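Peer 1: This is what each chain is made of:
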Amino acid sequence: MNDEVIIKIEGLKKHFPMGSGRFTALNGIDLSFGRGEFAGLIGPSGSGKTTLLNIIGTLDVPSEGKAIILGESVGDLSAGASASMRKSQLGFIFQSYNLFQVYTVFENVEFPLLLQNIDASKRKKMVLDALEWVGLTDKIKSKPAQLSGGESQRVAIARSMVKRPSIVLADEPTANLDAANSHNVLQTMEKLNRELHTTFIFATHDDKVIGYVRRKIFLFDGKVAKDEKIEQN
Amino acid sequence: MIRFLFKGLLRDRHRSLLPFIVTATGVMLTVVFHSWITGVIGNSIEFNARFAAGHVKIMTRAYSENAAQTPNDLAILGTDTLLNVISAQFPEMDFVERIYFAGLIDVPDHTGETRAQGPSMGMGIDMLSGNQAEIERLNIPSSLKSGSLPGKRREVLISNAFAEKLGLESGDTLTLVGSTMYGELALYNFTLCGTIEFGTTALDRGTVIADIKDVREALNMDDATGEILGFSRTGYYDHEEASLIANRFNKSYASERDEFSLIMKSLAEQNNMGFLVEYSGTLQGILVFVFIMAMSLILWNAGLLGGLRRYGEFGMRLAIGEGKGHVYKTMLLESLIIGILGSMAGIIAGMGISFYLQRYGIDLGSMMKNASIMMPQVFRARITATTWYIGFIPGVFSALFGTMLAGIGIYKRQTAQLFKELEA
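Residue numbers (my numbering), protein chains in the order written: chain L, 1 to 233; chain Z, 1001 to 1424.
In short, the hints are calculated from the structure, not lab data. None of the values given here were measured: they were computed from a predicted structure. A hint or two may mislead.
To be verified - Residues of chain L placed beyond 10 Å of chain Z at every Cβ, according to the derived structure:
| id | residue |
| --- | --- |
| 1 | G57 |
| 2 | L70 |
| 3 | N98 |
| 4 | R159 |
| 5 | N184 |
Stated by the list, open to error - Within a straight-line C-alpha distance of at most 27 Å, the following computed DSSO-like cross-link-like pairs (lysine-lysine) qualify:
| id | chain 1 | residue 1 | chain 2 | residue 2 |
| --- | --- | --- | --- | --- |
| 6 | L | K87 | Z | K1251 |
| 7 | L | K13 | Z | K1324 |
| 8 | Z | K1213 | L | K125 |
| 9 | L | K143 | Z | K1007 |
| 10 | L | K87 | Z | K1324 |
| 11 | L | K66 | L | K139 |
| 12 | L | K122 | Z | K1165 |
| 13 | L | K191 | L | K66 |
| 14 | L | K66 | Z | K1324 |
| 15 | L | K143 | L | K122 |
| 16 | Z | K1329 | L | K143 |
| 17 | Z | K1007 | L | K124 |
Built from N, CA and C at the ideal position, the CB exists for glycine as well.
Work the whole structure out from these sequences, hints included.
Peer 2: Given below as structure tokens:
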């Protein structure tokens, strides 16, 4: 990790309408993340970790405060600008993989590159590189239904990484995996984090994930309860 | 990207096969419905044209004012010359002479005394010149119930029901008792050569069909005819064409001051046919519009369901960085591809059925038995230029419209909301 701050969150609040009143999911968050971090937002259900992840991922906007991602204020981004940022700089990984079922592994990983209009030969090389990172070059013609949970999640990782994003946001990535596959997937992400200096932010309450992250941010009732960095040897 | 989408369409049956089937079925029904409605209305118009009104009809002004009474004392004179002139003047029409008459049919017994009598409506048409046009126009060969067509002078056909009522059989003699063109008593003997049944009460009640030369002789109408009917050589009534021809004719021949001057009327100007002609287009339009709207709702619903089913996929695509506008455009492109392919399949299937219905038709004779209006027994579909493209309206636009409405959900929902649905 270097000292370059790529995510800066100041006084962030997020309210959702609820009946005649409102529900405050995030209540004054101040955080910053540097390039190459491998951090976890840890907390129970309803603590606000997914909401925070959505705002960092430009899928949602703050109600109050600021979230500056790669120099751009999320609240001020147009729909097109936020889509453009997601297209090139942000990757997502979900607990249920969310692969396109009718497409092959290769085509799933290729999709983000199609959006960037990258030419076919370069696209093919990038897809094969990404599948090599996750060890799935022998599955390029398989459909998601033919893959195990661990393999599916590795395809999802390849899809999020193929465009070499600055930030990858992973929401409970191991929730549907057994222990062996969880470790495999986490090791893959850790390796990519180290080799490509991609920032990984997890939303999790899984101890296995918590064991891998180098920064633990505990959220409770929409606030940062504890922010703990683990020194690496 | 288009290749990518096309692959998805081919592989995802929910996305392609079901909408394709719905679109193809809707288009097929629209095509068949349109050709059927066009055919049924057209059949009714043509049936009236062939038996009574022609596509245009020439009469004397006085005759036309009392045409329902077929006043042959007001008939057209010098028809041989007139036919030659108007045939040259209006080559797009086929002109034929007809004499409609009313009279009493008297059936004598072997002593010459009346055995049976009945009122009849008669028609004198060209049956012996060798030109089969009139015989075929009135569909006489296939309406022949017994006996044969007239082969020589003084032979006559009468409706089967009328023959049974009078106890007539082929070869029997019958006498027409009527009025000549000059108002004198007309008595003329015919020999029954066959009976006919058109399947329409109006025609089967007491119809007599004889060769026009015999009718002329019987009614003392030498070189005269009650009416001259004109039929478009296209085989179908075209109101615009008929009106133009009638106007041209009337400019040359009609005179307000001379009751024996000739007047030409289009089919729409006769026997209240104007309503049918005028509203046939409107009626077709309304029926097809209602049908298209119904199909549109079904296809819209299919598009809507398809769109809703894919909210998760859309959420993922938005997360990957695809713009909402791009997702929307790809949805429309997909529905356009399905709409075009489904429409093409529907048109092929619909045209196949329409061709069959145009050729063979559906015999509704049993339902027409007691009809007092002139309607054909067999109704046929009719394929027009419109039939070829009418299906594309519900096929392409309904699917597209349905997808457009379904896609609005993408804009109405926050990206994060689509995302939640994706995770659900």
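Peer 1: If a hint holds in the structure, say so; if it does not, say that too.
Peer 2: Here's how the hints hold up against the structure:
no.: 1; hint: G57; verdict: violated (7 Å)
no.: 2; hint: L70; verdict: holds (14 Å)
no.: 3; hint: N98; verdict: violated (5 Å)
no.: 4; hint: R159; verdict: violated (8 Å)
no.: 5; hint: N184; verdict: holds (23 Å)
no.: 6; hint: L:K87 to Z:K1251; verdict: violated (76 Å)
no.: 7; hint: L:K13 to Z:K1324; verdict: holds (26 Å)
no.: 8; hint: Z:K1213 to L:K125; verdict: violated (93 Å)
no.: 9; hint: L:K143 to Z:K1007; verdict: holds (13 Å)
no.: 10; hint: L:K87 to Z:K1324; verdict: holds (12 Å)
no.: 11; hint: L:K66 to L:K139; verdict: violated (42 Å)
no.: 12; hint: L:K122 to Z:K1165; verdict: violated (93 Å)
no.: 13; hint: L:K191 to L:K66; verdict: violated (31 Å)
no.: 14; hint: L:K66 to Z:K1324; verdict: holds (24 Å)
no.: 15; hint: L:K143 to L:K122; verdict: holds (23 Å)
no.: 16; hint: Z:K1329 to L:K143; verdict: holds (26 Å)
no.: 17; hint: Z:K1007 to L:K124; verdict: holds (17 Å)
The earlier numbered hints that this structure contradicts are 1, 3, 4, 6, 8, 11, 12, 13.
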